[in-house]
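Heads up: the sequence shown runs through residues 1 to 253, numbered per the numbering used here.
Calculated directly from the structure, the hints in this document are not laboratory data. Computed from a predicted structure; not experimentally measured. Hints may contain errors.
[Claimed, not checked] 25 Å max Cα-Cα, derived SDA-like pairs, lysine to any residue:
(1) Lys151 / Lys63
(2) Lys235 / Ser178
(3) Lys213 / Thr121
(4) Lys94 / His76
(5) Lys154 / Lys95
(6) Lys2 / Gly241
(7) Lys154 / Gly241
(8) Lys154 / Pro126
(9) Lys235 / Ser180
(10) Lys235 / Leu208
(11) Lys151 / Lys20
(12) Lys20 / Thr44
(13) Lys154 / Asp85
(14) Lys2 / His198
(15) Lys63 / Thr121
(16) Lys2 / His30
(17) Lys2 / Thr139
(18) Lys94 / Lys154
(19) Lys2 / Gly124
(20) Lys94 / Thr121
(21) Lys63 / Ser200
(22) Lys230 / Trp253
(23) Lys20 / Thr4
(24) Lys95 / Asp85
(25) Lys230 / Ile17
(26) Lys20 / Leu182
(27) Lys2 / Ser26
(28) Lys230 / Lys154
(29) Lys230 / Gly248
(30) Lys94 / Gly124
(31) Lys63 / Lys20
(32) Lys151 / Leu135
(33) Lys94 / Thr44
(34) Lys2 / Met155
(35) Lys230 / Ser11
[Stated by the list, open to error] Estimated spans, in silico, between C-beta atoms of each pair:
(36) Gly107 / Ser42: 26 to 32 Å
(37) Asp156 / Thr250: 43 to 49 Å
(38) Pro197 / Arg127: 38 to 44 Å
(39) Arg215 / Gly18: 23 to 29 Å
(40) Glu205 / Glu43: 20 to 26 Å
Built from N, CA and C at the ideal position, the CB exists for glycine as well.
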Amino acid sequence: MKFTFLGTGTSQGVPVIGCKCAVCLSAHPHDNRLRSSGLLSSETTTLVFDTGPDFREQMLRAKVDRLDAVVFTHAHRDHVAGLDDVRSYNFLQKKDMPVYADAETLGHLQREFYYIFENATYPGVPRLQIHPLDLQPFTVGDIPLVPIPVKHGKMDVLGFRCGSFAYLTDASFIPENSMSLLEGVEYLVLNALRIEPHHSHYHLEGALELVEKLRPRRAFFIHISHLMGKEEDIKPLLPEGVELAWDGQTLSW
């Protein structure tokens with residue numbers, strides 16, 4: 001199995017328009033992050049977590065010429081805004097795009113992209129095959145996924161586990177029943193917005209505390225704001241096996 005970090009930043013990510021901080025002015029590629037998204041692939045199946053505003057650029061940059069499904073974590077715009085661009089895969093693959101999301105996210109998509117769901121569509125509208133998610137395990141091709149409910153402030157968000165790998169974005173609290181679903185995870189992808197506390201995201205200390213509880217072999221922090229600081233400044237603060245993920249980084253297991 002392989003995971004590619006398509007984007008590791010936030011809507012407050014870098015570069016921020018008009019910002020003169022060291023991160024936004026940094027020339028180091030690890031400090032320049034698109035909105036958080038990831039590509040999970042097996043030998044026969046490729047799926048993407050979320051389609052943010054940078055979806056098209058991410059697919060082009062990673063040279064993804066086949067996509068079997070989109071799996072949504074939640075309905076915030078920095079995770080759904082690029083949905084329209086799945087039309088390219090409709091054209092290339094000559095089939096509807098399977099989309100997996102919970103009821104709240106599907107309702108948002110139906111309002112935000114109403115033209116996709118209307119009965120009288122026009123040529124060029126993305127064609128979707130909708131798969132509503134509850135909290136039951138499901139499979140996309142040959143990739144097994146377990147939904148993991150987490151809290152993003154007061155909002156319900158889904159993380160996902162695939163074997164020894166787990167992907168958790170936009171979380172500030174993980175309920176006890178979800179913690180049990182993460183037992184034994186070896187590769188953890190987790191949001192860590194900044195150094196200071198935040199009302200709806202893990203900050204650096206909180207993310208490190210969660211890593212200490214779960215004790216994965218490796219942990220990768222994503223959804224990183226420019227307020228976190230430059231990678232070279234944060235790296236010395238991280239324990240062995242924990243790192244700030246960077247766009248284009250890959251993980252295989």
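In ascending order, which of the hints set out earlier in this document are inconsistent with the structure?
1, 2, 3, 4, 5, 7, 8, 9, 11, 12, 13, 14, 15, 18, 19, 21, 22, 23, 26, 27, 28, 31, 34, 37, 39 and 40
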